[in-house]
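Note that the protein sequences, when read in sequence, are chains A and B. Per my numbering, residue 2 is the first one in the first sequence, and the count goes up by one each step. Per my numbering, residue 221 is the first one in the second sequence, and the count goes up by one each step.
Calculated directly from the structure, the hints in this document are not laboratory data. All clues stand as given, with none of them false.
Heads up, incomplete: computed chain A residues facing chain B, CB under 7 Å, no partners named: (1) G22; (2) R23; (3) F26; (4) N105; (5) P138; (6) G139; (7) V140; (8) S161; (9) N162.
Cross-link-like lysine-lysine pairs, in silico, DSSO-like; alpha carbons within 30 Å at most: (10) K252/B with K30/A; (11) K136/A with K354/B; (12) K13/A with K34/A; (13) K92/A with K422/B; (14) K254/B with K324/B; (15) K354/B with K411/B; (16) K136/A with K409/B; (17) K422/B with K409/B; (18) K13/A with K31/A; (19) K254/B with K30/A; (20) K31/A with K254/B; (21) K254/B with K13/A; (22) K30/A with K409/B; (23) K422/B with K136/A; (24) K422/B with K30/A; (25) K92/A with K13/A; (26) K30/A with K92/A; (27) K324/B with K252/B; (28) K34/A with K254/B; (29) K324/B with K30/A; (30) K34/A with K252/B; (31) K354/B with K409/B.
Non-contacting residues of chain B with respect to chain A, defined by C-beta distances greater than 10 Å in every case (computed): (32) G237; (33) A272; (34) S274; (35) G275; (36) T277; (37) S280; (38) A304; (39) N305; (40) E320.
Everything numeric in this text was worked out from a predicted model, so none of it was measured. Beta carbons are placed, not taken as given, at the ideal position from N, Cα and C, and that holds for glycine.
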Amino acid sequence: MMPDTMISPSEKTLVSHLQGGRFRFGVNKKKWKLLSVIEEGRLSEWPHCLFWIQAGTRNGAPDGFILHTNFAGYPNDPPTTTFWCTETQSKLPIAMRPRGSSNNWIFRVDWNNGDALYHPYDRIATESHRDWDRKYPGVVWSREHTLVDLLELIHQTLNSNEYLGIGLS
Amino acid sequence: MSEILTIMSIYDITDVGFRLLLRILEKLAMSKDKIEFFVHLESEAEPRIVEAESGATLLSALNEAGIPVTDDLHIFVGDWQEGANTNVLGDDAEDSHEPEDWNKRLCDCELGHPAQLHCVRCRRVRVTVEYNGKERRRSFSPAASIGVVTVWAHRIFRVDCVDAANFVLQFCDSNQMPSVEATLGQLVKDKRCVLCFDLVPKDRIEGIR
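Please take these sequences and the hints and turn them into a complete structure.
As structure tokens, this is what we get:
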């Protein structure tokens, strides 16, 4: 049962973005899907949200992954994201996570136990890398960004030559 | 089947006539079906989601959705990938995408997947891309996406496919990068219908471990 509390501006904004054209366009293109439920304008698991995101074909790897994203403070603050297993309702084991060929892989498992993305679009990563604003001004999160910018980043990475499949490197 | 042949012979309907009749009936049935499509507008980052009867005209569907259609507007349908696939790479090259007649019915248009319209004042968008001190140009359809322009830029500057993923478009005199799904029609600022990008290396995020 939904708690009978006022909806926060963050949740209201996120729901409007989930129902908006850019997000729905990506759903139509089968790039991603919303797995969480929206009922009467509220997200069932706010501030958390689950998505499925499509990945390029690789031997032995699934055709997509589940993302678990925390949107507290959205859109002023970036969300924070990790990979998820819906069967165990917990973080996806490292061995089943996407692995990449570059030293700048945003799904690093050797930093913070893989609990967040290694990118300025992640709140936890940004909080521990205060110099990123200055070093990477083109990818700093601002309130003009939306969850679609995050999903596009992840989708492009999982469909790039850098993505090698799953398992430990 | 034999009943159909009997009816055809009674009413002297030829096979061609029968097929035409079937097509007309099919179109009439379809014209009441609703279709959902996206409408990309100038200077709007979010496409609008519109539902209309498939037999509605482009003009009536947009009017019903409260989207203003002025005399200087062009309506393009579908996405347009010519720039990414063309072998015509000169600076005077131009996409061949033409705007639709406003009175054409939705069901007679190739709306694409996802189904989409583009309502813009520009018939073409003149794009300049700068890389390594050189400039190249092409006139794209407003329905072309940044993804298409990016592929064209990789080809025209001969960025090989291994490196291509590491080079992205950035607005000239800015550090802002447009979304790959954004269309040129959404990005133009005015009726000059021009856009300028730099092809730059993607940020490689490094930091403490």
